[in-house]
Amino acid sequence: MTDTNLKSQDSAAHEALAKVILKKVKTVQPLSPGAGQLLTLIGLAEYEIADVVKIIEVDPGLTANVLKTVNSAALGVRREVKTVVDAVAFLGETKVVGIALAASAGDLFNSELAGYQGNRGDLGRHCLWTAIASRELARHTNGRVELGVAFTAGLLHDIGKAVISDYLADSAADLTRLRSELVDSSQLELETEAIGTNHCEVGQALAQRWRLPDTLSAAIEHHHLPALASPEFKAIAYVVHMADMLAMMFGVGTGVDDMQYDLDPGYLEYVDLSASGLEGLALDVQVDFKATAEALFGDNQETEE
Amino acid sequence: MSTVTLGIGELGMVNKPGDVIKTHALGSCVAIVILDPATRSIGMVHIALPESKVHPERAGKLPGYFADTGVPALLQLMQKAGAAANLRKVVVKLTGGANVMDKNNTFNIGKRNVLAIKKGLWGQRMGAVAEDVGGSISRTVTIQVDNGKVQISSPGLEVTTI
Numbered sequence: 001m002t003d004t005n006l007k008s009q010d011s012a013a014h015e016a017l018a019k020v021i022l023k024k025v026k027t028v029q030p031l032s033p034g035a036g037q038l039l040t041l042i043g044l045a046e047y048e049i050a051d052v053v054k055i056i057e058v059d060p061g062l063t064a065n066v067l068k069t070v071n072s073a074a075l076g077v078r079r080e081v082k083t084v085v086d087a088v089a090f091l092g093e094t095k096v097v098g099i100a101l102a103a104s105a106g107d108l109f110n111s112e113l114a115g116y117q118g119n120r121g122d123l124g125r126h127c128l129w130t131a132i133a134s135r136e137l138a139r140h141t142n143g144r145v146e147l148g149v150a151f152t153a154g155l156l157h158d159i160g161k162a163v164i165s166d167y168l169a170d171s172a173a174d175l176t177r178l179r180s181e182l183v184d185s186s187q188l189e190l191e192t193e194a195i196g197t198n199h200c201e202v203g204q205a206l207a208q209r210w211r212l213p214d215t216l217s218a219a220i221e222h223h224h225l226p227a228l229a230s231p232e233f234k235a236i237a238y239v240v241h242m243a244d245m246l247a248m249m250f251g252v253g254t255g256v257d258d259m260q261y262d263l264d265p266g267y268l269e270y271v272d273l274s275a276s277g278l279e280g281l282a283l284d285v286q287v288d289f290k291a292t293a294e295a296l297f298g299d300n301q302e303t304e305e
Numbered sequence: 001m002s003t004v005t006l007g008i009g010e011l012g013m014v015n016k017p018g019d020v021i022k023t024h025a026l027g028s029c030v031a032i033v034i035l036d037p038a039t040r041s042i043g044m045v046h047i048a049l050p051e052s053k054v055h056p057e058r059a060g061k062l063p064g065y066f067a068d069t070g071v072p073a074l075l076q077l078m079q080k081a082g083a084a085a086n087l088r089k090v091v092v093k094l095t096g097g098a099n100v101m102d103k104n105n106t107f108n109i110g111k112r113n114v115l116a117i118k119k120g121l122w123g124q125r126m127g128a129v130a131e132d133v134g135g136s137i138s139r140t141v142t143i144q145v146d147n148g149k150v151q152i153s154s155p156g157l158e159v160t161t162i
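Chains as they are written, first to last, in the working numbering: chain W, 1 to 305; chain P, 1 to 162.
With the rest of the complex left out, here is chain P:
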């Protein structure tokens, strides 16, 4: 039984009873959660930025940092561990991507992250079945292998589940 906590740009997977995977204070970052009911595996990646072209060298070391490299990296990690063999049968959920209203469109990183992630998922012929994205709240995400529920908490707000 273990708890895996992901920092910015990190990805991980849990699959044992009692295991928990979580990531804190997403802000404009987005957590992609992939659940594989067949193997009771849960993968997650904490995406910070939409495109790896801003820093290709870092993308090589920490692919989870970017939407375009994070999606394939998470799938690869899960498939190496024997999960997500059939991409049609996994469940994808998204949360985070909070936004700052900016008419100059410079600070809209949350929105750009969500769009880039959806584009990356479409590239794999995948899509999210549930999402809690946008708005102006910072979210912490926790998922337990035992129930597979994606729990979202924010300071001062009730915990929600998607």
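Chain W extracted, bound-state conformation:
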């Protein structure tokens, strides 16, 4: 059999596998109504805090989770917070979104990530670090990216990894071979070579299944290749792109793909930040991350082998 025949067989197999994976996305549990409404609201960028409160108040599970988190020892509130209004005022709406997502899609965020040689909990921690960093980077976009949108996009950017991890684990031998053959390729290219799709495409498919706003969907799809986002979504794509890289640099990654992506220097057009500004920002993010991770996940682990 010729090389060309082998390649076309490979390509057909990958296409078939990509279809299977995208089909699997359709079986992922929908978000709870409260979480879905919150993400849609925050993704639209223009909203009132009263609307956030209203959504939480009619969802008993979400209300319980928000109150439990705000009263956790890690956040150090002096008096017990008893109402959703006070909890949202204390936590800020972005963290409330984090709580809603952790409650609604916690299984995904807590995936084992065998295909990335990661550990249970790594994805949730990485997404939280990226979310906080995205929110802080959004402050340097001259108002082009809303803080709540940035946080939410950061939280969701790698959700596709939870879906494709098992398929990557099944293709571990292929991936090892590809890593040695394609030394200059990014993780994204390796994923596509091995299973016919990648975590960005699959994450975007999941965003569509969850009917998330276009801004969030675009940020998920283009967070590694932000230049490919349409003009209206480029700023948010670059913000999440930078935040994701920074999370990996600060040791809060998801495993074998840590730092295996390229940085697009085009971020300068959207984010105005000096080298020392970036260092100060990373420090602030780390401090916020430690307290929030403890409150959300009930641990204070930064990373785990």
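These aren't lab readings, by the way, just hints derived from the structure by calculation. A few of these clues could be false.
[As the list claims (entries may be wrong)] Selected chain P positions facing chain W (Cβ under 10 Å, derived; list incomplete): (1) HIS24; (2) GLU51; (3) ALA98; (4) MET101; (5) ILE109; (6) ILE137; (7) SER138; (8) PRO155.
No experiment lies behind these values; they were computed from the predicted model shown. Just so it is clear, CB atoms sit at the ideal spot from N, CA and C, and this is done for glycine as well.
Dock chain P against the given chain W, drawing on the hints supplied.
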């Protein structure tokens, strides 16, 4: 026998048989390891950023976070415990400092960390005898008092020793 695990910006020391000191997923951060053969002591600090001037207040509380305050803080910790009395006789090793290629030079924190640490060590008339720095891999470092070997592991790669 204990295992000390350092988080970002933390420093520590071990000196009993069976003790282990480690730090996870360095990324652009750098671990400075100081081994004192005379007392069989091993100190380590997990440096995140090159200069404390970005946040002097935090440097006061967590000096290990920065290269310029981390080196003296680690030496002080070891000397307080009776180790590293003679700086000419300690062994220094470095690992971490992974880099993201950035032509804007904003994200090159790993490279800036390594340079600032070397400058800090030179200030003490010290230098690293071995290093595994740079590249684009995230490293986890483990050192056992029993053999003093600095073991470096990364997901998907063989364990190496410096």
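Evaluated hints:
no.	hint	result
1	HIS24	holds (4 Å)
2	GLU51	holds (8 Å)
3	ALA98	holds (5 Å)
4	MET101	holds (6 Å)
5	ILE109	holds (6 Å)
6	ILE137	holds (7 Å)
7	SER138	holds (4 Å)
8	PRO155	holds (4 Å)
In this structure, none of the earlier numbered hints is contradicted; all agree with it.
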